[in-house]
Amino acid sequence: MIKKRRIPRLLQLVLIVAGVYFGFILTFDVILGQLIPKSLLTMYMFFVITGVLMVFTFTEESTRELIDPIKALVEDPSKKVLRNIVFVIVPLLAGIYTYSSLLPSFEAPVELRTIHPAPPSKMKAYGKRFDLATLENPYRKYEKEDPDKFRELVREGGDVYIKGCQYCHGDKLDGKGPYAAGLNPTPLNFQDVGTIAQLQESYIFWRIATGGPGLPAEAAPWISSMPIWEDFLSEDETWKVILFLYDYTGHQPRSWEHE
Amino acid sequence: MQKRNSRIIMGALFTAVFALFLLPSIVPGLDASLAFADETTVNLDVDAVTYDPAPKLTEADYPKISGVNSRVVVWIVAQLHLWFGAFVLAVPIFVFIIEAIGMSTRDQRYDNMAYEFIKISITAFSLTAILGGLLVFCLVLFYPDLFNYLATIFKESMFAYALLFFVESAVLYVYYYGWHWLQGGFKKWVHLTLGLLLNASGALLMFLANAWTTFMMSPAGVDAAGVFSGDTWAAIHNFLWNPINIHRMIANVAYGGSIVGAYAAFKFLSARNKEQRAHYDWMGYNANFIAIAALLPLPFAGYYLTAEMYVYSQQMGITLMGGVFAWIFIIQAVLIGALFLSANYYLWCGMGRSEGAHRYNPYMKYIAVVLVVSFLVWFTPHTLVLTNAELKSLGGPYHAILGPLGIMPAKNTAVNLLILFTFLSFMFYRRANKIATVPWVAKGNAVQVALFTAGIINIFILGTYYGYYTNTVYKIAASIPQVLTTLVIIAISVAIDAFMYKGSKEVAPLRWGRVPPRSQYALFLLAVSFTWLMGLMGYVRSGIRQHWHVTNIFRDNSPDAYTPGLGYAANVISIATIIFMAMVIFVFWLSTVSSQKSQATGYWKEQGT
Ligand code: HEM
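Sequence lines, in order, name chains A and B. The opening residue of the first sequence carries number 1 in our numbering; numbering runs sequentially from there. The opening residue of the second sequence carries number 260 in our numbering; numbering runs sequentially from there.
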């Protein structure tokens with residue numbers, strides 16, 4: 001048997017884990033320019049380490065190769081110096097970690113804001129009650145029945161949008177309107193697959209009509225600047241602007257029927 | 260003597276069958292076809308019974324015992340009952356299967372194993388009953404009006420439930436105590452039939468209980484004020500009944516497998532000799548096999564359940580996936596990932612039993628990479644937790660790359676890969692000890708590689724193109740061909756392997772018992788994660804009703820009508836899990852005690868003969 005000289009297993013493990021860690025940071029923070037949140041990176045690394053340990057310990061030989069140097073470090077008399085160094089460094093590192101995580105910081109506490117809180121089952125607007133479970137866009141049907149009329153409605157919706165919404169939500173509907181940078185939470189990006197594309201029209205109606213203050217308690221504090229449009233737009237205009245939002249972005253409202 | 264016994268058995272059997280046939284006449288409308296389910300008002304004039312609307316309660320209507328938090332008590336007791344219920348429902352299912360395998364292979368080890376499984380469930384069965392009684396007691400004590408309301412609607416089915424429970428007990432006892440007596444030929448068939456009966460009554464029991472649970476979520480057969488129409492079948496067959504039936508049925512089998520796996524691990528680790536170790540290793544392997552087999556379809560059943568909740572009510576769907584409970588699903592994803600990882604790890608460790616495994620060992624790291632990457636995508640949250648500095652740097656809470664990974668199409672793609680590669684692990688495990696002798700091995704392998712490659716590409720295209728660039732209807736629809744792709748790959752691969760390894764050579768006899776103790780802890784982890792996961796999901800299911808006892812019909816006005824915080828809920832579930840695990844270990848311990856004998860010499864009086 002020819003013995004290949006290899007990197008010791010323990011070192012392999014450390015290198016792989018470190019490689020993945022810095023790989024994440026390099027890819028996201030440097031190459032893609034969208035940093036990876038620390039909370040997520042911690043979760044990712046936990047399971048990367050689990051995965052690596054699984055691969056390294058599922059056979060006896062490999063487990064022994066991994067454990068033996070650690071055992072030797074603790075038991076082998078000839079490794080006394082190294083042992084003492086390690087035994088000082090490890091508690092020190094743990095101490096530093098504990099200290100730094102307990103250190104009070106001036107960072108505002110993290111907010112876990114729900115972007116899409118659950119809508120109420122019924123809502124009040126325009127002096128009426130709407131049942132959100134059954135509410136539908138009265139103009140949606142023209143999409144097939146009368147495409148010309150539909151185009152006209154979408155155009156009117158576009159006017160409403162330009163007059164009322166683009167300051168915040170942007171003229172490309174990407175959430176980057178002129179005022180957006182000053183707001184927190186930022187206006188939503190309708191082009192994104194995670195906003196209107198996965199919602200029903202009744203939900204959008206509720207959000208537009210009642211705005212930030214209409215958000216339920218679970219989204220509190222709803223420091224949202226989204227206005228209560230019920231005060232400025234008619235019911236018709238609201239439905240039309242919804243048509244426009246979907247038409248411009250090319251998304252379809254969530255629905256359950258196949259066309 | 261023999262004759263009398265068989266007469267008793269036949270009598271019991273007859274009674275059981277009779278009771279099952281009787282059921283439809285006790286539960287009105289159980290035989291009514293689906294088409295009539297909606298015509299709820301018809302019954303009213305016939306019965307001419309009038310029902311009260313759902314009561315409007317005040318805080319004073321909820322009995323209080325000082326120092327006792329009624330919600331937590333009911334919560335924990337219900338959860339414990341459910342866990343044991345799931346366990347005793349599941350074990351007979353695979354005992355039945357294993358017994359049948361034993362009968363067809365004539366390998367008695369299967370029969371012994373099946374017997375050992377059912378032995379464990381006997382004690383668990385009485386614990387289930389005790390906990391069920393305790394649950395009813397707690398409900399009547401702490402939530403009398405709710406219980407009353409449900410009981411007026413479900414009184415017949417509650418009665419049927421109790422009756423079925425007796426039937427099930429009777430059949431179980433005959434099945435268990437008659438195991439060694441009903442052996443060979445016709446008798447074995449009678450025994451197997453009893454097993455079938457046991458399972459039928461068990462499944463019916465669960466379906467009935469599910470009806471009450473789902474009625475509270477998606478009430479049917481009542482009007483907006485909660486006045487019951489008199490049509491029990493409509494109330495049972497409510498919107499979420501079948502989705503929950505399916506998800507729970509499969510989940511329970513996986514769960515039962517994992518608990519029995521933990522039992523085998525427990526016995527393996529405490530075994531004193533090689534034979535015992537070999538036996539319990541083999542048992543653990545089989546239990547884990549059952550758990551994985553049932554685990555693979557679970558994500559699909561889960562998505563079906565969620566999709567149906569969304570269809571039933573957008574509010575419920577969003578509360579579940581986008582609102583307050585969204586974070587639970589991250590934890591759920593982590594736990595499910597832990598299930599898949601431990602199941603895979605156990606398989607890999609188990610390859611040490613075979614002398615031929617080293618051929619496959621190098622591939623495992625690639626499987627691990629795919630599993631871990633899929634898993635990371637699977638639990639990437641849609642709403643990220645960001646510090647303010649991160650928020651500023653990103654310019655908002657939306658992440659251009661991670662955002663799209665947070666929604667369904669990415670998760671569907673990831674979970675299909677997770678399943679496929681777990682299956683691949685299993686295929687390698689199966690092949691480890693075999694050498695195919697058919698001439699077309701190379702071709703067969705090539706076909707399989709091609710199949711996997713094409714399938715994976717298909718899953719990717721479906722997930723990315725249809726998942727992101729079409730409307731929700733197609734997005735959701737795209738998940739179906741994805742699943743089908745996965746299933747087709749699995750089915751064809753199994754078929755090819757079956758032919759390819761027909762008459763294959765064994766490398767060497769499998770060394771049962773030659774696995775590291777680490778692998779046994781993986782089995783424990785599997786059982787604990789499962790238990791915790793079940794508790795968590797039960798909390799979610801119950802929590803999305805929010806401040807309603809019965810959604811939109813019967814308001815919860817108790818002091819506990821708020822949704823508890825995630826941390827608090829997790830603690831309650833952890834405590835319940837610990838109690839359950841302690842009870843399960845007690846059950847395991849009992850089974851070891853029952854086979855031990857102490858010699859007490861000089862204790863008993865000598866009998867003069
Ligand atoms: C691999 C995937 C999954 C596994 C292993 C799994 C496992 C389980 C288990 C063990 C239970 C308890 C069953 C019982 O009470 O008898 C459960 C219940 C539940 N699951 Fe899943 N599940 C999976 C996927 C999902 C998904 C994707 C969803 C939805 C997004 C989901 C939603 C639920 C809900 C709401 C319940 C509560 C039902 C109840 O009250 O029992 N599951 N799941």
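Any given hint could turn out to be false.
Said to hold, decoys possible - Listed below are the simulated DSBU-like cross-link pairs for lysine-lysine, each with C-alpha atoms no more than 35 Å apart in a straight line:
#, chain 1, residue 1, chain 2, residue 2
1, B, K533, A, K71
2, A, K38, B, K446
3, A, K172, A, K141
4, B, K856, B, K764
5, B, K624, B, K533
6, B, K315, A, K124
7, B, K378, B, K533
8, B, K446, B, K315
9, B, K702, B, K764
10, A, K144, A, K163
11, A, K38, A, K144
12, B, K624, A, K79
13, A, K124, A, K79
14, A, K172, B, K414
15, B, K378, A, K122
16, B, K651, A, K163
17, B, K315, A, K128
18, B, K447, B, K323
19, A, K122, A, K141
20, B, K414, A, K122
21, B, K533, B, K447
22, A, K71, B, K624
23, A, K122, B, K864
24, A, K176, B, K651
25, B, K856, B, K447
26, A, K38, B, K323
To be verified - From the derived model, a few chain B residues whose C-beta atoms are all more than 12 Å from chain A:
#, residue
27, G326
28, A359
29, Y369
30, A388
31, A468
32, P556
33, A828
FYI, nobody ran anything at the bench for these hints, they're computed from the structure. Keep in mind that this is a model prediction, so the values were computed, not measured. Glycine included, every Cβ here is placed at the ideal spot set by N, Cα and C.
Tested hints:
| no. | hint | verdict |
| --- | --- | --- |
| 1 | K533/B with K71/A | holds (28 Å) |
| 2 | K38/A with K446/B | violated (64 Å) |
| 3 | K172/A with K141/A | holds (26 Å) |
| 4 | K856/B with K764/B | violated (44 Å) |
| 5 | K624/B with K533/B | holds (31 Å) |
| 6 | K315/B with K124/A | holds (23 Å) |
| 7 | K378/B with K533/B | holds (23 Å) |
| 8 | K446/B with K315/B | violated (57 Å) |
| 9 | K702/B with K764/B | holds (19 Å) |
| 10 | K144/A with K163/A | holds (28 Å) |
| 11 | K38/A with K144/A | violated (48 Å) |
| 12 | K624/B with K79/A | holds (32 Å) |
| 13 | K124/A with K79/A | violated (76 Å) |
| 14 | K172/A with K414/B | violated (59 Å) |
| 15 | K378/B with K122/A | violated (53 Å) |
| 16 | K651/B with K163/A | holds (29 Å) |
| 17 | K315/B with K128/A | holds (25 Å) |
| 18 | K447/B with K323/B | violated (54 Å) |
| 19 | K122/A with K141/A | holds (23 Å) |
| 20 | K414/B with K122/A | holds (32 Å) |
| 21 | K533/B with K447/B | holds (31 Å) |
| 22 | K71/A with K624/B | holds (25 Å) |
| 23 | K122/A with K864/B | violated (80 Å) |
| 24 | K176/A with K651/B | holds (15 Å) |
| 25 | K856/B with K447/B | holds (30 Å) |
| 26 | K38/A with K323/B | violated (45 Å) |
| 27 | G326 | holds (30 Å) |
| 28 | A359 | holds (33 Å) |
| 29 | Y369 | holds (28 Å) |
| 30 | A388 | holds (38 Å) |
| 31 | A468 | holds (27 Å) |
| 32 | P556 | holds (23 Å) |
| 33 | A828 | holds (15 Å) |
In the structure shown, a violation is registered for the earlier hints numbered 2, 4, 8, 11, 13, 14, 15, 18, 23, 26, in ascending order.
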